[in-house]
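Residue numbers (the working numbering), protein chains in the order written: chain A, 1 to 389; chain B, 1001 to 1391.
None of these hints come from the bench; they were simulated from the model.
Note that CB positions come from ideal geometry on N, CA and C, so glycine has one too.
Any given hint could turn out to be false.
What follows is a list of derived Cβ distance ranges for each label pair [to be verified]:
{"hint": "1", "chain 1": "A", "residue 1": "355", "chain 2": "B", "residue 2": "1174", "range": "55 to 61 Å"}
{"hint": "2", "chain 1": "B", "residue 1": "1197", "chain 2": "A", "residue 2": "245", "range": "31 to 37 Å"}
{"hint": "3", "chain 1": "B", "residue 1": "1206", "chain 2": "A", "residue 2": "182", "range": "52 to 58 Å"}
{"hint": "4", "chain 1": "A", "residue 1": "258", "chain 2": "B", "residue 2": "1254", "range": "21 to 27 Å"}
{"hint": "5", "chain 1": "B", "residue 1": "1088", "chain 2": "A", "residue 2": "265", "range": "33 to 39 Å"}
{"hint": "6", "chain 1": "A", "residue 1": "355", "chain 2": "B", "residue 2": "1156", "range": "51 to 57 Å"}
{"hint": "7", "chain 1": "A", "residue 1": "212", "chain 2": "B", "residue 2": "1200", "range": "53 to 59 Å"}
{"hint": "8", "chain 1": "B", "residue 1": "1090", "chain 2": "A", "residue 2": "258", "range": "31 to 37 Å"}
{"hint": "9", "chain 1": "B", "residue 1": "1156", "chain 2": "A", "residue 2": "348", "range": "36 to 42 Å"}
{"hint": "10", "chain 1": "A", "residue 1": "156", "chain 2": "B", "residue 2": "1241", "range": "48 to 54 Å"}
{"hint": "11", "chain 1": "B", "residue 1": "1134", "chain 2": "A", "residue 2": "244", "range": "35 to 41 Å"}
{"hint": "12", "chain 1": "A", "residue 1": "59", "chain 2": "B", "residue 2": "1096", "range": "44 to 50 Å"}
{"hint": "13", "chain 1": "B", "residue 1": "1051", "chain 2": "A", "residue 2": "206", "range": "50 to 56 Å"}
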Amino acid sequence: MTGDRPLRVTWLAHGAERTGPPIYLLRILEGLARHPEIEPRVVLLEGGPLLADFEALAPTTVVAPGALTGARRAAAAGLSRVGASRAAASVAAGRSTPSGPEDPDVVVVNTAGSIRALAALPRAPRRLVSHVHELATGLDYWLAPELLRSVLEDSDEIWVVADAVGDALVRDHGVAPERLRTHRGVVPSDAFDPLDPSERARHRADLGVGPDAVLVGASGTLDWRKAPDLLLEVSERVFAATSTEVHVVWIGGDAATPWGQLLRSAGRPGRVHHAAEQDRPDRWFGALDLFVLPSREDAYPLVCLEAAAAGVPILTFDSGGAAELIADGGGEVVGFPDAGALAAAIIRYAEDAGLRDRAGAVARDAAARHTIDAALPSLIADLRRVAAS
Amino acid sequence: MSTPDPIQVLLGSLEPSEPLSSTITFLDWYRTRSAGPDLEVLALHPGTAAAAIRAVARTSVVYDPHGWSVSRMVQRAGLQKPAASLRAAELRRRLQIQGPVYVADVDAARLLHRLGPDAGPVVTHLHATGPGLGHLDEADRRILVERTDRWIAGSDDARTQAVEAGADPGVIVVLPDLLSLPGIGDLDADFLASVRRDLADRLQIPTDAPLAVGVGSVDWWQVPDAFLRVAWEVVRRDGGAGAQFLWVADGATDRMLWPLRHDIRHAGLESVVHIDTGDGRPWHQIAAADVLVSSRLGDHQPIGHREAALLDVPVVWFDDPGRPPLVDADQGQSVPHLDIAAMADAVVATFGRDAGRDRSHLPAGRPAPWLPIVGGSSILDLLTGTVPTGS
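Next up, chain A with everything else stripped away, as it sits in the complex (with noise of 0.2 Å):
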């Protein structure tokens, strides 16, 4: 409590879709729901399918940029190319201005690309955090310097999703490393609960998977940065490598990206399979043998904390914060792009179904250190920090 009454914290987040920072953030607020000394608020740059979940959570405004249209949209450019640029953000924001309590003791930039909601608010942040969770695409392809440099530079402090994110904040753009407080993804208490085995056999079945057969899975939305290419090379590598039945799948994204018709095209016919998005992915996991992230560069995808709850081993490339998950021998890490080494991890792991339990294990322990309840007490703690800082 600030006083007599809650800490207000208010999220900045880019959108409600269904990917790896808002379910983070809504993890999060299913958790603040059990604190009422923290009251929180939402405000998104655009909607999604999650809308509805924050706003069951936490009051949320949807400020749209993109929705703009005529004298507004004009107005706000004018403004906007005059450098007058809060004056042209409120223009836009116009009747979506966030509602309630307009002082939050906090505001929490979830993703540093969401440092462009700080414009929707009606006067600049007491107090302002950044959560980082990219790493050099986010940072240096997607987000436009000069919103970058007030992410560094208007910070009072930047939390990281993982090490690797602080290490590069360090190395390439000069921050203070004692300006960083590391916190991690969230998995929910559930993800723990193992699949039914009638679940397991039917989630195979649908792909024509036996209970034999050893089923890597891969997940996320299909890009470049994901690399489903580079998994297909590798999965060519195993095929021919091994007389294991190995069986691949990519659980969501988009199948009608050029991505997406790789997967279809050159992945090998009745081995590599693609599942459509999952409203819980981590429910799949449990139907996995082995979780592949093939990724160029990830930052701390929950998508590797569920499968490891679901005690799955984890096998990536040095590519991010997976590897400090699975530092105490959850998988295995390989040099990016060495796709024999990675061939040859997976190799390893599909003929010995005994390191797989013993590696799924340790996942599993690492992933529990991750629970919303182990995570939230250093959270609130933090904000209130900076709240009296």
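Chain A is already provided as a structure; the job is to place chain B on it using the hints.
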């Protein structure tokens, strides 16, 4: 004597592509002629090759973000629907023309909905290297077939596509995409050595290192990512140590190249894989290479392959079952689709050839349909109607 009607050239976009490269070669040849009707280019969308095409022909762009028009001003005021109506009217007025129309890429089909009834003949070029008719909307494909009087197919595959879409086989001419290789007769050892010295000066590529070259825009189709992974494999093989890899991406911007540079850094290959944004003559780099690595996902008629074949540089490419390879077996090798390890083996096998040897005996002066003077004349004859059609 009346002035002949101008030739209207229609393009979908001015982004670099092999069909656009062939079109620029045609336009460049056309402007050097001493006589002939005026020629104008109308493109639907802008692109980074705008300067190259404006250098050879008067060009306007429908959706030009920097251009001025009433519809553009209305759009800037946020009035989208009136702007669209005005744009349609402007376009209809612009295309109420008489005279020949050269549809130089199939994406220009959308413009044909506004083309006046007196325009013609309409000659559509279905390039060997283009995206084909399959990606057009049904309405655009239909208007393209209805309005086209004569077709140019860049390959037998393209001809089949046109026939399957409803084109009369009797009005289709097969003609390879045009290549512009000025000075191909000067590729003696001194010239090739000068190319390597230039690469050493600009990109620190040692002049005596084995050199593998890839060419193309930076997109998922050309797969420079696969090129990079081939490089990663090659330098770890016996015979591959010290090899250098060069991706030539003419006209690519820093933003377009960002993902490739990211991967190069991530893989620790900064001293092995280089990027050259080019000078519009990638065949210089191909000529000076030991091997052309073609990492694209299909389509074996790319200009780079043909240039390499003409320059006697071996090509390695991914096999695409069902499509005939252009490059003869003695000029290169195909490997299974996306089999990076096999491609790395094939690349290493090409090293040790005398890449810098004199090639001045190569096809200079040999009449070939890809030469602008031969192929360009054929296109012009179809537009001006002085020859009967038929393949």
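Output the indices of the hints that this structure fails to meet, ascending.
Hints 2, 3, 9 and 12 not satisfied by this model.
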